[in-house]
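What follows is each chain in one-letter form.
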Amino acid sequence: QKEVEQDPGPLSVPEGAIVSLNCTYSNSVFQYFMWYRQYSRKGPELLMYTYSSGNKEDGRFTAQVDKSSKYISLFIRDSQPSDSATYLCAMRGGGADGLTFGKGTHLIIQP
Amino acid sequence: NAGVMQNPRHLVRRRGQEARLRCSPMKGHSHVYWYRQLPEEGLKFMVYLQKENIIDESGMPKERFSAEFPKEGPSILRIQQVVRGDSAAYFCASSLRTGINTEAFFGQGTRLTVV
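Taken in sequence, the protein lines are chains A and B.
Counting along the first sequence from 1, when you hit position 52 you're at 52 in this note's numbering, and nothing is skipped either side.
Take the position in the second sequence, starting the count at 1, then add 111; the result is the number in this note's numbering.
Be aware that a few hints might be false.
The calculated lysine-lysine pairs, modelled on DSBU-like cross-linking and capped at a C-alpha distance of 35 angstroms, are [to be verified]: (1) B:K173 - B:K138; (2) A:K70 - A:K42; (3) A:K67 - B:K155; (4) B:K162 - B:K182; (5) B:K138 - A:K42; (6) B:K173 - B:K162; (7) A:K56 - B:K138; (8) B:K182 - B:K155; (9) B:K138 - B:K162; (10) B:K155 - B:K138; (11) A:K67 - B:K182; (12) B:K173 - A:K56; (13) B:K182 - A:K56; (14) B:K155 - B:K173; (15) A:K42 - A:K67; (16) A:K67 - A:K56; (17) A:K70 - B:K173; (18) A:K42 - A:K56; (19) B:K182 - B:K138; (20) A:K70 - B:K155; (21) A:K42 - B:K173; (22) A:K56 - A:K70; (23) B:K155 - A:K56.
Computed from the model, here is a short list of chain B residues facing chain A with C-beta under 10 angstroms [what the hints assert, rightly or not]: (24) V115; (25) N118; (26) H140; (27) Q148; (28) L154; (29) Y159; (30) I166; (31) P172; (32) F176; (33) S177; (34) F216.
Just so you know, the hints here were simulated from the structure itself, not pulled from any lab data.
Please read these numbers as outputs of a predicted model, since none were measured by experiment.
C-beta atoms are modelled at their ideal positions from N, C-alpha and C, and glycine is treated no differently.
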């Protein structure tokens, strides 16, 4: 079992829809959770980060963490074609210096 | 304030040659991380460096790969005697401090192709 599981997609939704992106993890040492957005041939861009279980909102984005279920989500409201990208979940914990990433979900927002 | 700068953006090497990838962190950042992204794979941590010190190289292959972050100048990831399996995108990230809640900012990556 991989440490972080993320459905690679592609996930295709119409413009304006609510998007739900998810990751599950197996190692309970992870305490710090992030979502990155990566456009094609570009570097990852940090979108959101959170430490605790619950929701964190920033504009159209909401990050949700459920540590008891080892499940994290990113919701995108009022999705735009410019949101089309690969979304990577990442996490850190247990004294590790590096981040552990999911494989990424390729999201396509249809105009 | 420029972001994390990586060069070259694209690098082509023949099998057996050496590849040198450079990373200049964001201004004021003294912590550098290297990651590798293979096709259809997620980013994998390779090494974490502070100025003049390798702190964590648990993700580095045991042979042919080395990294440094000198007192002056960029961090260098060096791959000796490259093989086709080294073809990947290599990303550098930097942070202002260390710790579990540290934000890491990524560069645009160097895409290495071994022919």
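Self-check item: Hints violated by the structure (numbers, ascending)
Solution: Numbers 11, 12, 13, 25, 26, 31, 32, 33 - these are the hints that the structure violates, sorted from lowest upward.
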